[in-house]
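Chain by chain, the residues run as shown.
Number of protein chains: 2
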Amino acid sequence: MKLIKNAAGRLVPLEANGLKQISFKGVNQYKPSGLKAKPPIRSCIDYPLDGNKVVKNLKEALSKSGLNDGMTISTHHHLRNGDALTNLLFDTIKRMGIKNLRWFPSASFPVHEHLIKYLEDGTIHHIEGSMNGPLGKFASEGKMRGTGVLRSHGGRYQAVQDGEVHIDIAVIASPTADEFGNANGVTGKSACGLLGFALADSEYADRVIVVTDNLVPFPCVPWQIQGNNVDFVVEVASLGDPTKIVSGTTEVTKSPDRLLIAEYVADFIEAAGIMKNGFSLQAGAGGTNLAFVLSLKEKMKANGIKARFMRGGSTKYLVEMLEEGLTDYILDGQTFDLEGVRSMRENPDHVNTSPFTSYNFHGKGNFASMVDVAVLGATEVDINFNANVVTHSDGYLLHGIGGWQNCLYSKCTILAIPSFRDRIPVIVDEVTTLCGPGELIDVIITERGIAINPLRKDLIKAVKKSSLPIKTIQEIKEEVDEICGGIPTKPKLDKDKVVAIVKWVDGTLLDSVFKVIS
Amino acid sequence: MKLIKNAAGRLVPLEANGLKQISFKGVNQYKPSGLKAKPPIRSCIDYPLDGNKVVKNLKEALSKSGLNDGMTISTHHHLRNGDALTNLLFDTIKRMGIKNLRWFPSASFPVHEHLIKYLEDGTIHHIEGSMNGPLGKFASEGKMRGTGVLRSHGGRYQAVQDGEVHIDIAVIASPTADEFGNANGVTGKSACGLLGFALADSEYADRVIVVTDNLVPFPCVPWQIQGNNVDFVVEVASLGDPTKIVSGTTEVTKSPDRLLIAEYVADFIEAAGIMKNGFSLQAGAGGTNLAFVLSLKEKMKANGIKARFMRGGSTKYLVEMLEEGLTDYILDGQTFDLEGVRSMRENPDHVNTSPFTSYNFHGKGNFASMVDVAVLGATEVDINFNANVVTHSDGYLLHGIGGWQNCLYSKCTILAIPSFRDRIPVIVDEVTTLCGPGELIDVIITERGIAINPLRKDLIKAVKKSSLPIKTIQEIKEEVDEICGGIPTKPKLDKDKVVAIVKWVDGTLLDSVFKVIS
Numbered sequence: 004m005k006l007i008k009n010a011a012g013r014l015v016p017l018e019a020n021g022l023k024q025i026s027f028k029g030v031n032q033y034k035p036s037g038l039k040a041k042p043p044i045r046s047c048i049d050y051p052l053d054g055n056k057v058v059k060n061l062k063e064a065l066s067k068s069g070l071n072d073g074m075t076i077s078t079h080h081h082l083r084n085g086d087a088l089t090n091l092l093f094d095t096i097k098r099m100g101i102k103n104l105r106w107f108p109s110a111s112f113p114v115h116e117h118l119i120k121y122l123e124d125g126t127i128h129h130i131e132g133s134m135n136g137p138l139g140k141f142a143s144e145g146k147m148r149g150t151g152v153l154r155s156h157g158g159r160y161q162a163v164q165d166g167e168v169h170i171d172i173a174v175i176a177s178p179t180a181d182e183f184g185n186a187n188g189v190t191g192k193s194a195c196g197l198l199g200f201a202l203a204d205s206e207y208a209d210r211v212i213v214v215t216d217n218l219v220p221f222p223c224v225p226w227q228i229q230g231n232n233v234d235f236v237v238e239v240a241s242l243g244d245p246t247k248i249v250s251g252t253t254e255v256t257k258s259p260d261r262l263l264i265a266e267y268v269a270d271f272i273e274a275a276g277i278m279k280n281g282f283s284l285q286a287g288a289g290g291t292n293l294a295f296v297l298s299l300k301e302k303m304k305a306n307g308i309k310a311r312f313m314r315g316g317s318t319k320y321l322v323e324m325l326e327e328g329l330t331d332y333i334l335d336g337q338t339f340d341l342e343g344v345r346s347m348r349e350n351p352d353h354v355n356t357s358p359f360t361s362y363n364f365h366g367k368g369n370f371a372s373m374v375d376v377a378v379l380g381a382t383e384v385d386i387n388f389n390a391n392v393v394t395h396s397d398g399y400l401l402h403g404i405g406g407w408q409n410c411l412y413s414k415c416t417i418l419a420i421p422s423f424r425d426r427i428p429v430i431v432d433e434v435t436t437l438c439g440p441g442e443l444i445d446v447i448i449t450e451r452g453i454a455i456n457p458l459r460k461d462l463i464k465a466v467k468k469s470s471l472p473i474k475t476i477q478e479i480k481e482e483v484d485e486i487c488g489g490i491p492t493k494p495k496l497d498k499d500k501v502v503a504i505v506k507w508v509d510g511t512l513l514d515s516v517f518k519v520i521s
Numbered sequence: 004m005k006l007i008k009n010a011a012g013r014l015v016p017l018e019a020n021g022l023k024q025i026s027f028k029g030v031n032q033y034k035p036s037g038l039k040a041k042p043p044i045r046s047c048i049d050y051p052l053d054g055n056k057v058v059k060n061l062k063e064a065l066s067k068s069g070l071n072d073g074m075t076i077s078t079h080h081h082l083r084n085g086d087a088l089t090n091l092l093f094d095t096i097k098r099m100g101i102k103n104l105r106w107f108p109s110a111s112f113p114v115h116e117h118l119i120k121y122l123e124d125g126t127i128h129h130i131e132g133s134m135n136g137p138l139g140k141f142a143s144e145g146k147m148r149g150t151g152v153l154r155s156h157g158g159r160y161q162a163v164q165d166g167e168v169h170i171d172i173a174v175i176a177s178p179t180a181d182e183f184g185n186a187n188g189v190t191g192k193s194a195c196g197l198l199g200f201a202l203a204d205s206e207y208a209d210r211v212i213v214v215t216d217n218l219v220p221f222p223c224v225p226w227q228i229q230g231n232n233v234d235f236v237v238e239v240a241s242l243g244d245p246t247k248i249v250s251g252t253t254e255v256t257k258s259p260d261r262l263l264i265a266e267y268v269a270d271f272i273e274a275a276g277i278m279k280n281g282f283s284l285q286a287g288a289g290g291t292n293l294a295f296v297l298s299l300k301e302k303m304k305a306n307g308i309k310a311r312f313m314r315g316g317s318t319k320y321l322v323e324m325l326e327e328g329l330t331d332y333i334l335d336g337q338t339f340d341l342e343g344v345r346s347m348r349e350n351p352d353h354v355n356t357s358p359f360t361s362y363n364f365h366g367k368g369n370f371a372s373m374v375d376v377a378v379l380g381a382t383e384v385d386i387n388f389n390a391n392v393v394t395h396s397d398g399y400l401l402h403g404i405g406g407w408q409n410c411l412y413s414k415c416t417i418l419a420i421p422s423f424r425d426r427i428p429v430i431v432d433e434v435t436t437l438c439g440p441g442e443l444i445d446v447i448i449t450e451r452g453i454a455i456n457p458l459r460k461d462l463i464k465a466v467k468k469s470s471l472p473i474k475t476i477q478e479i480k481e482e483v484d485e486i487c488g489g490i491p492t493k494p495k496l497d498k499d500k501v502v503a504i505v506k507w508v509d510g511t512l513l514d515s516v517f518k519v520i521s
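Sequence order for the protein chains is A and B. Under this note's numbering, the first residue of the first sequence is numbered 4, with each subsequent residue one higher. Under this note's numbering, the first residue of the second sequence is numbered 4, with each subsequent residue one higher.
Watch out, some of these pointers could steer you wrong.
Copies of the same chain look alike in the list, so a pair counts if it works inside one copy or between any two.
Claimed, not checked - In silico DSS-like pairs for lysine-lysine, Cα to Cα no more than 30 Å straight-line:
id, residue 1, residue 2
1, 257, 300
2, 62, 192
3, 23, 39
4, 192, 309
5, 34, 67
Bear in mind the hints are in silico, worked out from the structure with no lab data behind them.
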């Protein structure tokens with residue numbers, strides 16, 4: 004596999020899975036040309052006039068969709084680790100004797116460990132999408148036939164829209180649907196909130212199969228997925244395990260170090276003057292993130308501040324802020340708990356968004372760059388503020404990118420991270436895998452201090468007079484290296500064997516993930 | 004202009020405005036091939052990161068959109084006869100010295116008489132879209148440079164989607180919008196309910212300009228038009244006259260004949276067994292239609308019947324039925340009065356729909372064919388149940404098709420029409436212009452009796468034992484001809500001069516409108 008150095012100085016292949024790749028040119032340097040993908044024109048003549056698209060089972064739907072060797076099959080991950088459908092889907096495909104598929108999930112989870120046997124026996128050729136946990140480990144060991152392709156949520160929409168990835172058959176798990184294929188995630192026993200990750204699939208796939216365990220009479224309202232894009236509807240007993248689809252409990256961290264980080268984050272947002280009337284915020288669902296949201300909330304209340312919008316993954320903490328009038332809107336990309344689902348179902352100010360709306364870099368703008376402050380995590384950060392979210396320091400690919408890359412476009416991007424994990428420093432000389440260019444990462448907040456990207460003179464000036472523990476990133480690094488007994492050992496990687504590639508938001512190749520030598 | 008006879012026996016040209024045309028092949032006989040239209044791929048690099056797309060004025064937006072001679076400019080008609088923006092738009096274009104445009108409105112109204120001077124001076128080459136009133140008369144007189152193209156609401160979406168009509172610049176009147184271009188019609192002083200007629204334009208036009216008289220901070224919620232599809236935002240003092248955008252009063256007919264028709268319609272729906280729990284209905288806003296809805300409502304209440312959904316154009320009468328629990332949902336394509344706007348704003352069960360969802364014949368089904376009964380009007384019907392909605396018996400083109408053709412796909416299509424108007428029979432030997440093939444029209448209800456299409460043996464049987472005045476269409480015709488003193492004189496038409504063409508829902512040519520010799 005021939006590798007070249009891209010504009011970020013990272014080695015990337017010229018092609019992957021037989022497709023030519025464009026290497027990363029620098030942030031905002033690559034401009035696409037050409038036209039969007041163009042699905043086939045259909046006709047109502049070929050669809051039932053009474054709108055009833057229900058077929059007997061998944062096998063019939065797949066068969067009528069023309070399932071064949073080498074096709075691309077897509078799924079979404081709104082059911083997270085509670086998803087039973089994707090496993091059922093590939094069990095069915097295996098029984099049909101189909102081989103060599105490209106699986107194009109918006110993400111995969113530990114529950115999908117079940118599919119390793121299909122990667123081994125060639126039913127699935129490779130995965131394009133986040134590989135959280137076992138499937139990522141499998142890929143890291145060099146066992147996947149093809150090369151994994153990691154994209155952000157926005158990058159996935161972009162790839163489909165631009166025709167980079169043609170989906171033959173999309174299979175959309177739908178907690179509620181009608182016979183016509185209108186579907187939503189806000190109601191039903193498998194309610195997951197919304198179905199935005201499946202939007203591109205529904206719009207661009209050749210064939211679209213909606214699978215539900217809650218079939219309702221037409222019309223299914225709201226229709227987050229439009230039946231007008233759907234070919235077949237399948238009813239199943241259960242889409243998965245509701246307790247794992249939404250956890251029901253989202254725990255704030257109890258770690259003193261993490262609580263300190265959370266406090267620093269809230270303090271920084273206040274001190275930098277970001278927390279003012281009409282501001283906006285993106286927060287995730289990790290324990291530290293939840294803690295900082297609670298801390299910020301108290302500050303907002305104390306100062307009589309109201310946000311214009313907050314972006315989720317929504318949790319009960321964001322919902323409380325909406326219901327207490329601390330924000331006008333939640334603009335939500337996925338719901339993380341039952342309260343998020345309830346709020347989205349009941350409250351028109353809890354708005355469901357899609358990767359098209361929020362993150363697609365090949366649109367006429369997107370929401371991500373309008374957010375005043377985004378608080379994110381990372382597995383590693385280097386002294387140039389470059390960050391990694393997909394591999395651990397041991398080289399194993401264990402996480403997806405999610406919306407992380409897209410969120411870097413916020414007006415102030417903060418990485419809230421512990422300075423070390425398991426006695427391994429998180430701040431390093433060079434990240435194992437580059438997922439986010441340092442020029443887009445503004446602030447690193449650890450329990451040992453806050454480092455502001457030197458490019459952000461405005462932020463440095465804004466917090467100058469605060470009592471925050473502002474340090475250089477080198478200072479924090481040295482302190483941590485000393486505690487941990489030196490810099491971490493580099494993982495042993497086979498640099499001739501690319502197991503996955505990391506795309507930037509514009510579809511170019513930012514970095515490669517290499518095989519781990521164990 | 005070379006004309007051929009199509010499958011309906013009507014004379015249609017082989018080409019119009021320099022574009023080849025496909026002649027009508029029969030209902031459900033023409034199947035499209037090929038791929039959908041493909042807009043250019045854009046990049047966030049070219050749009051402001053802070054999301055602010057506001058430019059100084061319409062001229063600047065048009066200029067930045069690359070306005071040039073011969074382009075296609077689209078507008079929507081949700082502001083109906085209160086629309087001031089379209090006139091302002093073409094005043095601006097005229098001042099910019101641009102010529103030879105194709106104007107592609109979803110419909111035009113009497114208020115657009117203002118534009119006749121631009122049709123005369125060559126600013127506008129021709130109109131593709133409904134011409135209600137003066138512009139239709141202008142075309143009928145053979146004064147328009149190009150050939151008018153009449154499409155149904157669904158046909159307009161289909162034409163854009165299929166790439167038949169490429170929109171260079173879409174100008175979207177938006178009663179509320181934010182700086183990013185998210186827009187809706189439910190709030191603001193010019194509130195019109197929804198913006199569904201502009202959906203295709205926003206998705207497929209090269210450049211999209213949102214014009215608003217109510218600019219709100221991001222995010223404008225709900226976003227019926229997505230800012231991610233918008234290039235520029237323009238603020239104006241006023242989009243138009245709110246009293247004409249939504250009438251505020253919708254009057255039930257007081258004519259005894261029309262009231263009788265309305266009563267027959269409600270009686271028929273009951274007698275035919277259509278009015279049962281979970282049924283669905285499409286009703287418009289004409290005086291007769293309103294009266295029949297009121298009459299049906301009483302029957303539903305008396306019998307404890309609840310509908311699953313009602314399709315609008317919504318009026319206060321439909322809203323009352325929703326609020327009184329007589330229907331689960333209103334699925335609404337346009338709001339006709341203030342109560343409709345309020346209900347759509349406040350009630351999540353009053354759902355906004357688009358021509359894509361409701362009517363696009365080149366989709367994977369649409370809503371129209373799922374409706375149990377649709378009650379429509381017509382200017383003429385012939386003895387084979389073929390009907391006309393665009394021209395009067397004098398040959399003048401005075402109306403658009405609207406969703407009429409699309410609604411013919413309902414399970415029972417009723418034309419509720421007076422048997423004569425101004426002493427001119429409405430039931431004729433042959434319609435002046437064919438807009439709807441008789442095989443899709445099931446029942447004609449006049450004040451003199453009800454004619455059921457002989458193809459619908461099931462309906463004939465269903466009402467056999469009722470006391471309804473069932474007659475053959477010939478019987479009604481003879482009766483009316485006698486009253487009116489014979490069959491109506493045929494209009495004098497110049498059959499060598501096609502002034503407009505009528506498309507069927509699949510994009511084929513159903514009929515021609517000819518120049519009137521006055």
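| At most 30 Å between C-alpha atoms: does residue 62 with residue 192 qualify within a copy, between copies, both, or neither? | Result: close within a single copy only, 23 Å intra versus 53 Å inter.
| field | Up to 30 Å CA-CA - residue 67 versus residue 34, copy category | value | Close across copies (19 Å), not inside one copy (39 Å); limit 30 Å.
| query | Using 30 Å as the alpha-carbon threshold, which applies to residue 257 and residue 300: within, between, both, or neither? | reply | within (18 Å within a copy, 60 Å between copies)
| said: Reference check for the pair residue 23 and residue 39, CA-CA at most 30 Å: within, between, both, or neither? | reply: both (18 Å within a copy, 25 Å between copies)
| query | How would you classify residue 192 and residue 309 at a CA-CA limit of 30 Å: within, between, both, or neither? | reply | Cα proximity of residue 192 and residue 309: across copies only (26 Å, versus 34 Å in one copy).
In terms of the numbered hints stated before, the structure departs from none.
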